[in-house]
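There are 2 protein chains.
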Amino acid sequence: MPDIEIRRARRDDVEAIVRMLADDQIGATRDSTDNLDLYLQAFDAITADPNQLLMVAALDDEPVGTLQLSIIPGLTRSGALRGQVEAVRVHRDHRSTGLGGHLMRWAIEEAKRRDCELVQLTSDKRRTEAHKFYERLGFVASHTGFKLNLQSSL
Amino acid sequence: MPDIEIRRARRDDVEAIVRMLADDQIGATRDSTDNLDLYLQAFDAITADPNQLLMVAALDDEPVGTLQLSIIPGLTRSGALRGQVEAVRVHRDHRSTGLGGHLMRWAIEEAKRRDCELVQLTSDKRRTEAHKFYERLGFVASHTGFKLNLQSSL
Numbered sequence: 001m002p003d004i005e006i007r008r009a010r011r012d013d014v015e016a017i018v019r020m021l022a023d024d025q026i027g028a029t030r031d032s033t034d035n036l037d038l039y040l041q042a043f044d045a046i047t048a049d050p051n052q053l054l055m056v057a058a059l060d061d062e063p064v065g066t067l068q069l070s071i072i073p074g075l076t077r078s079g080a081l082r083g084q085v086e087a088v089r090v091h092r093d094h095r096s097t098g099l100g101g102h103l104m105r106w107a108i109e110e111a112k113r114r115d116c117e118l119v120q121l122t123s124d125k126r127r128t129e130a131h132k133f134y135e136r137l138g139f140v141a142s143h144t145g146f147k148l149n150l151q152s153s154l
Numbered sequence: 001m002p003d004i005e006i007r008r009a010r011r012d013d014v015e016a017i018v019r020m021l022a023d024d025q026i027g028a029t030r031d032s033t034d035n036l037d038l039y040l041q042a043f044d045a046i047t048a049d050p051n052q053l054l055m056v057a058a059l060d061d062e063p064v065g066t067l068q069l070s071i072i073p074g075l076t077r078s079g080a081l082r083g084q085v086e087a088v089r090v091h092r093d094h095r096s097t098g099l100g101g102h103l104m105r106w107a108i109e110e111a112k113r114r115d116c117e118l119v120q121l122t123s124d125k126r127r128t129e130a131h132k133f134y135e136r137l138g139f140v141a142s143h144t145g146f147k148l149n150l151q152s153s154l
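Residue numbers (the working numbering), protein chains in the order written: chain A, 1 to 154; chain B, 1 to 154.
Among these hints, one or two may not hold up.
It does not matter which identical chain is meant; a pair holds if it fits inside one copy or across any two.
Said to hold, decoys possible - Here are the simulated BS3-like cross-link-like pairs (lysine-lysine), alpha carbons at most 25 Å apart as the crow flies:
hint, residue 1, residue 2
1, K132, K112
2, K112, K147
3, K147, K132
4, K125, K147
Calculated directly from the structure, the hints in this document are not laboratory data.
Produce the entire structure from the sequences given, and follow the hints as far as they go.
Quick look at the structure:
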């Protein structure tokens, strides 16, 4: 990955990130650049929180991959910090190039630097290729991930 | 639940919470009151973060249930906030009394009050009774939860 820089996302990267979120079988139903203001507000909330790291993998300074790493303090496991990864995406023109692994290894190393004792993530059961990818990185599929949609339960 | 109060955990509740974490088939292998200082340090980190809510269900002011609710900002789903629940435990003398459901419904309502669009949690695949409990509350087992233990990968 000689030309790829992994760096914090900037506000002017948000549109490119949202395009990656929307260009996805599952994300297409719920993400779109039509309401960019909502994403910009969320970007401001993310960057105001020192425990949230929204990252991009940039080629010639243009985002071609993204993920968010959250650092979560807790009592379990003798008061361990955990690193949680969400919203991993690679631009369709750069898939199967090793870019996703490069980004994930960055997140794992950053979690270690911040003294996390584990890294966790959930992946939709339909993303079977992603599951193999995470297992190659050493993750263990030990848990079931439950979601409760509050909008549909109102 | 007339006599149960759901309130923020205090520093002097930490030992009782850790006893509940340790009194568990899975937690027993990794949690213990022998190293209470580590848990007190973690308690201080949790309470310093306004997006972390460590709660107890108290009977006569004594913790008999606990959970942690984390509020996580993100870009996906049009910049949705998500509420994440970790470390749900009920004291063994108070199981099957409805206390766990009472605590979880508090967390769901609090997530709504904070404008979260979903609540999420993961549960070890071995906790099959817990999975039925979450499904009764409306959660959908749509995801696989992956963990990478950084201590064993060093």
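Do the hints match the structure? See the list:
Proximity of K132 to K112 under the C-alpha cut-off of 25 Å is restricted to the intra-copy arrangement: shortest distance 23 Å within a copy versus 34 Å between copies. In the homo-oligomer, the alpha carbons of K112 and K147 lie at most 25 Å apart only across protomers (14 Å), although the nearest pairing inside one protomer, at 27 Å, exceeds that limit. Both within a single protomer and between protomers do K147 and K132 lie at most 25 Å apart by alpha-carbon distance, with minima of 22 Å and 13 Å respectively. Taking identical chains as interchangeable, the C-alpha atoms of K125 and K147 lie at most 25 Å apart whether they share a chain (12 Å) or sit on different chains (15 Å).
Checked against the numbered hints given earlier, this structure breaks none of them.
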